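Taken in order, these protein sequences are the chains called A and B. Under the working numbering, residues 656 to 766 are what the first sequence spells out, in order. Under the working numbering, residues -15 to 97 are what the second sequence spells out, in order.
Derived from the structure by calculation, the hints contain no laboratory data. One should not assume that every hint holds.
Computed spacing ranges between beta-carbons, pair by pair [claimed, not checked]:
#1 B:Arg64 / A:Cys695: 39 to 49 Å
#2 B:Gln1 / A:His765: 16 to 26 Å
#3 A:Tyr706 / B:Gln(-2): 42 to 52 Å
#4 A:Ala684 / B:Glu37: 19 to 29 Å
#5 B:Thr97 / A:Pro669: 37 to 47 Å
#6 A:Arg714 / B:Gly0: 42 to 52 Å
#7 B:Glu37 / A:Ala675: 40 to 50 Å
Mimicking DSS-like on lysine-lysine, the simulated pairs with C-alpha atoms at most 25 Å apart in a straight line are [said to hold, decoys possible]:
#8 B:Lys26 / B:Lys41
#9 B:Lys26 / A:Lys700
#10 B:Lys67 / B:Lys41
#11 A:Lys734 / B:Lys62
#12 B:Lys26 / A:Lys697
#13 B:Lys62 / B:Lys41
#14 A:Lys700 / B:Lys67
#15 A:Lys734 / B:Lys67
#16 A:Lys700 / A:Lys734
#17 A:Lys734 / B:Lys41
#18 B:Lys62 / B:Lys26
Small disclaimer: the values here were computed from a predicted structure and weren't measured. The beta carbon of each residue, even a glycine, is placed where N, CA and C say it ideally should be.
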Amino acid sequence: RKEVEQDPGPFNVPEGATVAFNCTYSNSASQSFFWYRQDCRKEPKLLMSVYSSGNEDGRFTAQLNRASQYISLLIRDSKLSDSATYLCVVAASGGSYIPTFGRGTSLIVHP
Amino acid sequence: EPEVTQTPSHQVTQMGQEVILRCVPISNHLYFYWYRQILGQKVEFLVSFYNNEISEKSEIFDDQFSVERPDGSNFTLKIRSTKLEDSAMYFCASRQGTSYEQYFGPGTRLTVT
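One chain only, chain B, in its complex shape (with noise of 0.2 Å):
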């Protein structure tokens, strides 16, 4: 059964240093969305890519976010300088077009020291 996958499983960086997320949606799939979880609390919506482009965003993506999609599989989330608070679970997540079903990955455990 395809499934979408997420790399790497843990990271630990510095405050202030950048992160890379990244993501293999699945093969089919036309929308692509970030979201995190901070221990604990709900899931946030970050993100929603579709044809190239951000489609939605929400208030926590701000412009130390960014998302890329550099060629036909990848999916990524790159924080440009990370904040304590940024420490969270990020969760990749991939969907047709035709249904809005999202499947998500297993996601990245982001630790801000």
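Chain A with its partners taken away, still in its complex shape (with noise of 0.2 Å):
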């Protein structure tokens, strides 16, 4: 069983769309979730971290879900710079602190 699952999309929106990806977790030891942007060949770059009472910014929108065990993010008016692969992470914290990626999900933005 995956221990992150993202779709891997792509995700093909125009410009001031609004897209929501969403990711799922088997640990339920998990404490710690984060989003993390890649574009092609560089390394992940924090987005935000996933609180549990979902938090915000700019037209960045993340929410943890517990129960059923997933986070997702939500981007509102999407920009041509927004076209990346988007990262979900989660990691158990305490003793053993092992961050688990997710394959990501791609969002094109197109004019």
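Join these two chains into a complex; the hints should help.
Rendered as structure tokens:
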């Protein structure tokens, strides 16, 4: 069973659209959740942490649903520069902190 | 803004050779990590390092791998006898002790021929 699953996409959307990605995780002991973005052949860059109460950063909103073991990322008013792969990262905190990455969801924003 | 740096950006080596990948984590960070990403695949955890010792390692991190913090700034990953399947991007990351947010370096592309 895959530990962190994401729809690989690609999600192909026009500028200005709202797009949402989901990510499911299998380890119920997971405590830390993040979204990273990765441009082609570049390093992952932290987009935002995901908190239990949900959090928003400008056009980006992240939600956590512990009962169903998924996290989501909503991007409003998509820009061309949002085109990238979005990586879901999950880790159990405390004594054994091993971040597990999803394979990523590809987003293409077109004019 | 402080950032993680890695050298070299690209390393080409022959099978069986030893390589050392270098990283300079962000200066006030306490936890250091190495990851690899084979082309087209997901980022995979290799090892974490804290207080001058390995705190966690994955199944990938076998006896051919080692890590070291030789001085107060560098963090290195050594691959003793490279194999073709070691070809990948290797990312270093670091984080403060108070947060689990990790910051990645630009990576070293290792090509084993």
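CA of lysine 67 of chain B to CA of lysine 41 of chain B, is that 25 Å or under? holds (19 Å)
Are lysine 734 of chain A and lysine 62 of chain B close enough, with their CA atoms no more than 25 Å apart? violated (40 Å)
Is the hinted range of 37 to 47 Å satisfied by the C-beta distance from threonine 97 of chain B to proline 669 of chain A? Roughly 43 Å apart at Cβ, these two residues keep to the hinted range, so it holds.
Distance restraint evaluation - alanine 684 of chain A, glutamate 37 of chain B, Cβ atoms, bounds 19 to 29 Å: holds (24 Å)
Holds or violated: are the alpha carbons of lysine 700 of chain A and lysine 734 of chain A at most 25 Å from each other? holds (17 Å)
Between lysine 734 of chain A and lysine 41 of chain B, does the CA-CA distance stay at or below 25 Å? Given that 25 Å is the threshold and the Cα spacing comes to 38 Å, the pair is violated.
Can you let me know if the beta-carbon spacing of tyrosine 706 of chain A and glutamine -2 of chain B is within 42 to 52 Å? Check passed, 48 Å falls within 42 to 52 Å.
Starting from lysine 62 of chain B, check that the Cα of lysine 41 of chain B is at most 25 Å away, please. holds (14 Å)
With the threshold set at 25 Å, check whether the alpha-carbon distance from lysine 734 of chain A to lysine 67 of chain B stays at or below it. violated (41 Å)
Given the hinted pair lysine 700 of chain A and lysine 67 of chain B, is their alpha-carbon gap at most 25 Å? violated (29 Å)
With respect to the beta-carbon atoms only, verify the hint that glutamate 37 of chain B and alanine 675 of chain A lie 40 to 50 Å apart. Check passed, 42 Å falls within 40 to 50 Å.
Verify the CB-CB distance for arginine 64 of chain B and cysteine 695 of chain A against the hinted window 39 to 49 Å. With a Cβ separation near 31 Å, arginine 64 of chain B and cysteine 695 of chain A fall outside 39 to 49 Å, so the hint is violated.
The structure shown violates the earlier hints numbered 1, 2, 11, 14, 15 and 17.
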